[in-house]
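Number of protein chains: 2
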Amino acid sequence: MISAQHCAQLDQQDELAPLRDLFALPAHTIYLDGNSLGAQPKAALEHAQHIITQEWGTDLIQSWNKAGWFHRPLSIGNELAPLIGAEQDEVAVTDSTSVNIFKAVAGALHIQKNQAHTAQRRVIVTERSNFPTDIYILEGIKHFLNDGYELRLVNSPEDLHQAIDQDVAVVLLTHVNYRTGYMLDMDELTAHTQQQGALIIWDLCHSAGAVPVDLNAAQADFAVGCTYKYLNAGPGAPAFIWVPKKHQASFAQPLTGWWAHQSPFEMQPSFAASGDIRGALCGTQPMISLSLVSTGLAAFKQTSMQKIRAKSLALTDLFIALVEQRCADHPLTLETPRDHAIRGSQVSIAHPHGYAIMQALIERGVIGDYREPHIMRFGFTPLYTSFTDVWNAVEILADILDHKKYDVNLEKSAVT
Amino acid sequence: MISAQHCAQLDQQDELAPLRDLFALPAHTIYLDGNSLGAQPKAALEHAQHIITQEWGTDLIQSWNKAGWFHRPLSIGNELAPLIGAEQDEVAVTDSTSVNIFKAVAGALHIQKNQAHTAQRRVIVTERSNFPTDIYILEGIKHFLNDGYELRLVNSPEDLHQAIDQDVAVVLLTHVNYRTGYMLDMDELTAHTQQQGALIIWDLCHSAGAVPVDLNAAQADFAVGCTYKYLNAGPGAPAFIWVPKKHQASFAQPLTGWWAHQSPFEMQPSFAASGDIRGALCGTQPMISLSLVSTGLAAFKQTSMQKIRAKSLALTDLFIALVEQRCADHPLTLETPRDHAIRGSQVSIAHPHGYAIMQALIERGVIGDYREPHIMRFGFTPLYTSFTDVWNAVEILADILDHKKYDVNLEKSAVT
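Chains as they are written, first to last, in the working numbering: chain R, 4 to 419; chain D, 4 to 419.
What the hints contain is simulated information worked out from the structure, not anything from laboratory work.
The reader is advised that the hints may include incorrect statements.
Repeated chains share a single entry, so a pair holds when one copy, or any two copies, can fit it.
Stated by the list, open to error - Cut-off 25 Å, straight-line C-alpha distance, at most; resulting in silico cross-link-like pairs (PhoX-like, lysine-lysine):
id	residue 1	residue 2
1	407	248
2	304	45
3	69	408
4	69	116
5	116	408
6	145	116
7	408	45
8	249	116
9	116	248
10	45	310
11	304	116
12	249	408
13	145	69
14	145	407
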């Protein structure tokens, strides 16, 4: 039997425990939704004040050069790079994940069309269970190009290998599934995709800052991801796109805004590609939200992704074990793999009344979230989640289940 | 002869003068670059603090509903709508201007392709002197579609009417030229374009908050624009896109991110268009930068675009008159029209040593900017520019010219 004392002991031994103090967590709350919106670093406020009063208010347009605004998507990209196994000048923090997916897919299709042996390929592979925006953007590209493209939606991770064959032009996979927390094998799927002559794009929304990622070791082709989940950059903060050196010279995508031009301030009347990571940029970026990405990344410089991963697995293991210990009598189904090799940093549990139970948890200060159908998601963020948080969350879950305290929520609609 | 006393008198009579106190302008500075980056509203700091500490830090993911994050691109769009003659639920504040140009052009081409009488049209018209990103995005779309599209770059505003003929699918025009301040006739060009069977998109980057705009009165088709210039929303704040009711049901563009879905939280595996203004959205928006658009718009609620326009013309008239009075011996060329009907809210003046002179002005605290070739740009923002500012700016310009105080800057390169 795991005890509260044991959890407290784990906290005492936890090398990452002091990092929690970097975050402004609300009182009386166990926040298990950092996989949706990361908590606020205390430093964010001071950083925003500096940008607003000094860079904007006082220095005004001089900040484009003096404060490095113009280079900030790339300088913050360089700060982010080590977390995903990218080299310097391979990452841009810019636009939304959806827009970056569009750029990466369009850029990958462009490369495939310009190679004789892949020019006729018209299949794009992704998972049916992928986050919807990934699929929607693929549909948008397919309709817009109107050139015979076909989406091959794969039903299960086990079927991916076979679905990626020599008809495939481009594969777009999310490394860690947003709903189940299932983590795909990046190395194997990248190698297999490329053996078939296709290019692979990795969506790292639920990976960056959550699990170790080494894009260059995997020799992947492109990647995109989110900064406002595990990277704690703030609501809707700009996303990132990775274009490795090997593809930068040939990278062409239709969102050719002036920030992608090789000499943007010459104001030339015709586009000329930069041939470097700037090819992934488009227009002017929201400097306040963008700058706070740097604040979010600062916490990661005090530890390593290996230590974060070790604590993440300990937290999710503990949560699974405690739920089994305390809630065995209830119809709960674990949706997240037990196998460490294929688990992200969340635990998803289905229950026929999942939505109502999650509402009851939130009312008691345990903040997770709900995803159709029936899935309660709990995100574990080693920078600020403690083992005692896990204990307390499961105690409250058990109390709600044992006494059907979710009954009052059963009428509420899940879809907002 | 215009005197300093006369300028002081104009300030005393200026109904908008008290609004200057809403802005945190740096000391010892005459800021004439609000057409590049608007000044900081004092309220921005407190607003940002609220978003960071309360909405993000304390309420966390609950803010998506509780604080209205999810609807904020549209609720702020509704705040902006009156300034450009848009109805409610026709404007989204989202993404960058470049990305929004892409959406509007792709959406307009889609409509044209689906009408029998315009399906074969392949010409897109814009001005050669347009802001480069507009042209670059058109080039991006042309290459991406690879369907025979041709850009017709028109050399002069006078040639536009003739260039817009029955071969034209879509026209993309910037209402006020960024370099010269020349303002096109929106009503006439819209009517002519539509008579030719084409659709027209207006870029309002240098119009919104600067000159009265009435998109619905002009019966225009689409519009985009910037919020960080005359609307004072902060560096790189999200841009806007206007999709009028008449086009919302048929509006389809390839950046179909999940925010454009009719039921985003149902997480359906296939895109379904909303058929309303949400069709102009794509992915998650940077909430801190986005929210400050609202702070920028607040100042406009204390006056009207008619009063702003009257003061703008008075300021630019005064600047032109004072430059002619004080700098007549120097080789200055007025690039901005004298005719009020075709002048925006800036004055551009060419000088063979324009770059060096602008550097000298900036060193003396007169902040304008420089655009190739040879053009010094001075933006006039009635919310915070005074008539005495204009007097002082010209005094300093005259001193620099009379005593060649720009000599030291002649070696510097204009392109950064």
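Tested hints:
no.: 1; hint: 407 - 248; in the structure: neither (56 Å within a copy, 48 Å between copies)
no.: 2; hint: 304 - 45; in the structure: within (16 Å within a copy, 34 Å between copies)
no.: 3; hint: 69 - 408; in the structure: between (57 Å within a copy, 23 Å between copies)
no.: 4; hint: 69 - 116; in the structure: neither (42 Å within a copy, 47 Å between copies)
no.: 5; hint: 116 - 408; in the structure: neither (57 Å within a copy, 56 Å between copies)
no.: 6; hint: 145 - 116; in the structure: both (14 Å within a copy, 16 Å between copies)
no.: 7; hint: 408 - 45; in the structure: neither (35 Å within a copy, 47 Å between copies)
no.: 8; hint: 249 - 116; in the structure: within (17 Å within a copy, 37 Å between copies)
no.: 9; hint: 116 - 248; in the structure: within (20 Å within a copy, 38 Å between copies)
no.: 10; hint: 45 - 310; in the structure: within (22 Å within a copy, 43 Å between copies)
no.: 11; hint: 304 - 116; in the structure: neither (41 Å within a copy, 52 Å between copies)
no.: 12; hint: 249 - 408; in the structure: neither (56 Å within a copy, 49 Å between copies)
no.: 13; hint: 145 - 69; in the structure: neither (42 Å within a copy, 36 Å between copies)
no.: 14; hint: 145 - 407; in the structure: neither (47 Å within a copy, 60 Å between copies)
Figure legend: structure checked against the earlier numbered hints; hints not met, in rising order: 1, 4, 5, 7, 11, 12, 13 and 14.
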